[in-house]
Amino acid sequence: EVAALPAPQNLSVHSTNMKHLLMWSPVVLAEETVYYSVEYQGEYESLYTSHIWIPSKWCSLTEGPECDVSDDITATVPYNLRVRAILGSQTSAWSILEEPFNRNSTILTLPGMKVSKDGFHLVIELEDLGPQFEFLVVYWRKELVTKEHDKVVRRGGIPVPLETMEPGAPYCVKAQALVKAIGRNSAFSQEECVEVQGEALPLM
Amino acid sequence: LKILHLGSCVIVTNLQEIQSEFSEIRDSVQASDKNIDFRILRNTGSLQDTEPSDRCCLLRHLLRLYLDRVFKNYQTSDYHTLRKLSSLANSFLTMKKDLQLCHAYMTCHCGEEATEKYRQILSHFEQLEPQAAAVKVLGELDILLRWMDEAE
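If you read the sequences in order, they're chains Y and V. Everything in the first sequence is counted per our numbering, starting at 1 for the first residue and increasing by one. Everything in the second sequence is counted per our numbering, starting at 1 for the first residue and increasing by one.
Quick caveat, the hints were computed from the structure, so don't treat them as lab data. A quick note: this is a predicted structure, and the numbers were derived from the prediction, not measured. For each residue, glycine too, the CB sits at the ideal point set by N, CA and C. Keep in mind that a hint or two might mislead.
One side only, chain Y facing chain V, incomplete, derived with CB under 10 angstroms [stated by the list, open to error]: (1) Ser25; (2) Pro26; (3) Leu29; (4) Leu47; (5) Lys57; (6) Ser60; (7) Leu61; (8) Asp71; (9) Asp72; (10) Trp140; (11) Arg141; (12) Cys172; (13) Gln176; (14) Gly183; (15) Cys193; (16) Gln197.
The calculated lysine-lysine pairs, modelled on DSS-like cross-linking and capped at a C-alpha distance of 30 angstroms, are [said to hold, decoys possible]: (17) V:Lys34 with Y:Lys19; (18) Y:Lys151 with V:Lys34; (19) Y:Lys57 with V:Lys2; (20) Y:Lys57 with V:Lys72; (21) V:Lys34 with Y:Lys180; (22) Y:Lys114 with Y:Lys57; (23) V:Lys97 with Y:Lys19.
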């Protein structure tokens, strides 16, 4: 009699910056390649059509013990996730994630940023974290800390001019990531300062 | 994100995302609608031509119609369509919860106009057999999304 294929164990979701990775302990069988199948249901399915589970977009048949479910989790509601092992014609029982996952629990890291000068222009380029991200950029002339300016940058990955700088005066910048879809933002990054060489004009 | 002003009920929704998800299945859904000379969501019942104070109630009824009788009854074996339907249904569920909050705070009053308009929509809906009606109203989702977009 063929031994039942063991079900995957230790399911968990690791979510950072709206990238959601379902992980589990692999099923290890000597000299065999075990595949896995992942399915999900949102709160709607669990409330209205609980028998319906939807095959994950990228992992209806996958080899590694993990699955990027970011394209499956498309609403800010709790999602159930399940995995089973597949070996040839054999399939294991389903293992279901213990706690439903909601994308509003994603970890938002400090946004990477590069502050530079283009002639007299103060320029920032933010990390491209994908279409769900905007950024709040705050910048000021160092001696005028009370006079902060802010600007919302809609996308990362492109240089954005902020202000024309006076020579000889350092200008500083910090930024935070905003994800409107879940109504949350990251902490502010460390400030970075740049200066255009030359003689500073007296402050009026 | 879109801020929907529905009388004194205000909700935020990702309308653009919902429109984008629906646009991926609209043609196939509408192609499966056999009742082409019949409309369920008619301009007479539109959200934007409804008194602001009644819009929340009308939208709440419409969302419930989609959640209870449309997404559930739409049959498909195509996984791409199934994923898009799931995305739409869970986004509608999020909106419905927001409107429920307004209802709890007495800012989602059902006046005569909303009640009558929804009654008409329901009567059109029930003239078709359940699955045909589900196909029809799912195909008309862009009408509802336009109503929401224009309900300023």
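Hints and how they fare:
{"no.": "1", "hint": "Ser25", "result": "violated, 27 angstroms"}
{"no.": "2", "hint": "Pro26", "result": "violated, 25 angstroms"}
{"no.": "3", "hint": "Leu29", "result": "violated, 28 angstroms"}
{"no.": "4", "hint": "Leu47", "result": "holds, 8 angstroms"}
{"no.": "5", "hint": "Lys57", "result": "holds, 6 angstroms"}
{"no.": "6", "hint": "Ser60", "result": "holds, 8 angstroms"}
{"no.": "7", "hint": "Leu61", "result": "violated, 12 angstroms"}
{"no.": "8", "hint": "Asp71", "result": "holds, 8 angstroms"}
{"no.": "9", "hint": "Asp72", "result": "holds, 7 angstroms"}
{"no.": "10", "hint": "Trp140", "result": "violated, 28 angstroms"}
{"no.": "11", "hint": "Arg141", "result": "violated, 33 angstroms"}
{"no.": "12", "hint": "Cys172", "result": "violated, 30 angstroms"}
{"no.": "13", "hint": "Gln176", "result": "violated, 17 angstroms"}
{"no.": "14", "hint": "Gly183", "result": "holds, 8 angstroms"}
{"no.": "15", "hint": "Cys193", "result": "violated, 33 angstroms"}
{"no.": "16", "hint": "Gln197", "result": "violated, 43 angstroms"}
{"no.": "17", "hint": "V:Lys34 with Y:Lys19", "result": "violated, 40 angstroms"}
{"no.": "18", "hint": "Y:Lys151 with V:Lys34", "result": "violated, 51 angstroms"}
{"no.": "19", "hint": "Y:Lys57 with V:Lys2", "result": "holds, 27 angstroms"}
{"no.": "20", "hint": "Y:Lys57 with V:Lys72", "result": "holds, 21 angstroms"}
{"no.": "21", "hint": "V:Lys34 with Y:Lys180", "result": "violated, 39 angstroms"}
{"no.": "22", "hint": "Y:Lys114 with Y:Lys57", "result": "violated, 34 angstroms"}
{"no.": "23", "hint": "V:Lys97 with Y:Lys19", "result": "holds, 25 angstroms"}
Checked against the numbered hints listed earlier, the structure breaks hints 1, 2, 3, 7, 10, 11, 12, 13, 15, 16, 17, 18, 21, 22; every other hint is satisfied.
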